[in-house]
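Chains as they are written, first to last, in this note's numbering: chain A, 91 to 408; chain B, 7 to 278.
Worth flagging that the hints you see were computed from the coordinates, not collected in a lab. Be a bit skeptical, because a hint or two may be false.
[What the hints assert, rightly or not] List of simulated lysine-lysine pairs, DSS-like, C-alpha gap at most 25 Å:
1) A:K182 to B:K268
2) A:K182 to A:K157
3) A:K394 to B:K49
[What the hints assert, rightly or not] If you anchor each label on the Cβ, the simulated ranges turn out as follows:
4) B:R207 to A:P273: 22 to 32 Å
5) B:S195 to A:Q317: 42 to 52 Å
6) A:N104 to B:C226: 47 to 57 Å
For clarity, every value in this text was computed on a predicted model and none was experimentally measured. Every residue gets a Cβ at the ideal spot worked out from N, C-alpha and C, and that includes glycine.
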Amino acid sequence: MGGKVSCTLGEVKNRADLIIYWGGNPAECHPRHFTKYTLTQKGRYIPNGRKDRTMVLVDIRETPSAKAADIFLQVRPAKDFEVITVLRALIKGHAVDPELAAETGLSMEQLQDLADRMKKARFGVLFFGMGLSMTRGKHMNSAALLTLAAELNAYTKFVAMPMRGHGNVTGGDVIMRWTTGYPFGVSLSRGYPRFNPGEFSTIDLLIRGDCDAALILGADPGATMPQPAIDHLARIPTIVLDPKVTHTSRLARVHFTTAATGISAPGTVYRMDEIPLPLRPALKSPYPTDEEIVHRIYQAVAAKPPLPPAVMLSQATM
Amino acid sequence: MSKTIFTLKERPHVPLETEVLSPDVIASLKHAEVEALPVFLGKRQYRLADFFAIEGDGSEELEIHGDVGRVKWIGRAMTRGRITIHGDAGMHLGAHMKGGTIEVQGNASDWIGAEMKGGLIRVAGSAGGQVGAAYRGSTSGMSGGTILVGGSAGLELGMRMRRGTIVVQGVVRDFAGLQMKGGTIVLLSGAEVRTGAWMVRGTIVSFTPLRLLPTFSYACTCNPIFLRLYARHLQTLGVSFPSAPEAGFYRRYTGDGAVPGKGEILIWHPQQ
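Kindly generate the complete structure, drawing on both the sequences and the hints.
See the structure below:
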């Protein structure tokens with residue numbers, strides 16, 4: 091396992107003939123996805139647009155996206171990992187227990203049909219959302235889907251791409267990757283990057299109460315994280331940088347109002363396929379940008395006299 | 007034999023990293039040298055004596071008192087000696103260890119015995135996730151040694167383990183033996199779901215019925231001799247199988263077909 095097979099949305103538009111959305115509701119959450127990239131557009135190798143493409147939706151309930159789908163597969167909640175594992179076995183022609191497979195909510199015929207379609211596709215794409223990555227199994231569900239996409243490349247071209255939610259989360263991952271080598275869950279406390287999701291990832295740190303300060307940049311964990319994590323954010327000094335007052339700002343010690351990037355501040359945003367797009371501001375803002383505030387905090391911290399080395403400090407008190 | 011006794015003065019407010027708490031580091035040191043050993047609280051370096059009251063010179067037997075649930079990396083890469091923890095233990099306990107014994111009287115956190123090569127870890131209470139597992143991005147987890155857990159255990163028990171034995175008395179959460187490539191996991195009270203997911207080789211023995219993945223297939227009913235030898239060996243460590251080998255048989259399942267793998271899951275089936 092390891093590695094990620096990906097492509098740009100331009101390639102999806104020009105080449106993809108099998109589009110699978112897994113655990114997401116693009117019709118409501120990414121409304122321009124269908125029309126700009128994945129379904130209705132004609133592409134260089136997809137001359138007839140929608141007619142040349144097959145769209146499969148896999149989800150636990152029939153969302154408005156199901157109307158756009160050629161095939162809708164309803165899996166039982168928290169059975170995605172089992173379905174993907176069965177598909178991995180079927181594409182290799184290995185035996186699957188039909189009774190246990192039926193517990194996923196899909197019949198063997200449906201699973202076999204999907205596996206066949208995946209193998210026969212000229213260019214397949216798996217888009218996965220939080221219905222997959224945030225349900226029982228979490229990162230292993232995503233790992234399963236990414237591995238499935240990687241393994242399908244023994245037969246045809248297949249890629250997997252997460253459907254990112256909030257503004258520029260992809261950018262956060264990309265920058266962490268080229269500065270530390272890891273996308274998230276990185277600790278720099280020992281002077282070098284250490285990667286261990288579960289130990290250093292935000293929610294886990296907050297739930298265990300392992301941090302004594304927090305700087306929140308362009309996110310609203312106070313609205314989305316589990317309650318114990320929010321409680322800890324309220325206990326410790328939390329600093330929020332956001333263009334508007336959020337749930338997190340209300341429990342923070344300090345809130346900085348910043349200029350909205352893309353509207354009143356310039357910057358670079360990474361699209362979900364990791365393409366950097368420069369943003370030019372249309373308006374002026376009286377507020378400073380995120381970058382300016384972080385830079386000024388950094389300067390103020392650097393200007394403070396350094397703490398004496400801890401070893402000497404403790405000897406002095408003995 | 008002399009002992010070195012460490013008593014935690016106060017639970018640290020952020021995790022403390024103390025990979026120096028290992029017989030290999032401490033055995034040859036005098037009392038003052040042990041006190042001056044470096045530990046890390048967040049990014050700051052402190053002396054071991056800032057957090058622990060230390061009695062005695064360095065020795066091969068360490069006794070730790072107090073709630074060290076937030077103290078990480080105790081016994082990292084130790085090769086000999088003994089560590090006894092009277093209380094809860096923090097993350098990465100005995101990670102990369104090659105020999106010696108660690109005994110925890112309370113509960114242990116995540117990543118205990120991760121990538122260990124030998125030795126024995128015995129936890130009286132429950133353990134967290136990733137027991138004996140491989141670190142993220144690493145190809146194999148524990149490659150030898152024994153981990154005994156008295157209570158339950160968390161997610162991804164024995165993830166990518168290559169050799170060695172893990173025995174858990176309580177119920178284990180999801181993904182026990184994930185991507186396992188060897189070794190043995192004994193589940194005395196079974197596990198939740200996705201046991202043995204993506205396993206390539208290795209053995210998982212369960213004395214409670216398991217909900218298997220659809221990619222496992224039934225192979226046969228058997229009563230393997232090697233399990234009797236295992237039972238006898240584990241008895242010397244104070245673990246006994248709940249049933250005598252004559253009282254039933256094992257249903258053997260192979261998988262995981264998704265990988266495809268030759269792992270086995272043996273589920274105990276008492277004779278009617």
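Results for each hint:
no.: 1; hint: A:K182 to B:K268; in the structure: holds, 15 Å
no.: 2; hint: A:K182 to A:K157; in the structure: violated, 31 Å
no.: 3; hint: A:K394 to B:K49; in the structure: holds, 17 Å
no.: 4; hint: B:R207 to A:P273: 22 to 32 Å; in the structure: holds, 31 Å
no.: 5; hint: B:S195 to A:Q317: 42 to 52 Å; in the structure: violated, 30 Å
no.: 6; hint: A:N104 to B:C226: 47 to 57 Å; in the structure: holds, 52 Å
Violation of the numbered hints given earlier is confined to hints 2 and 5; the remaining hints are satisfied by the structure.
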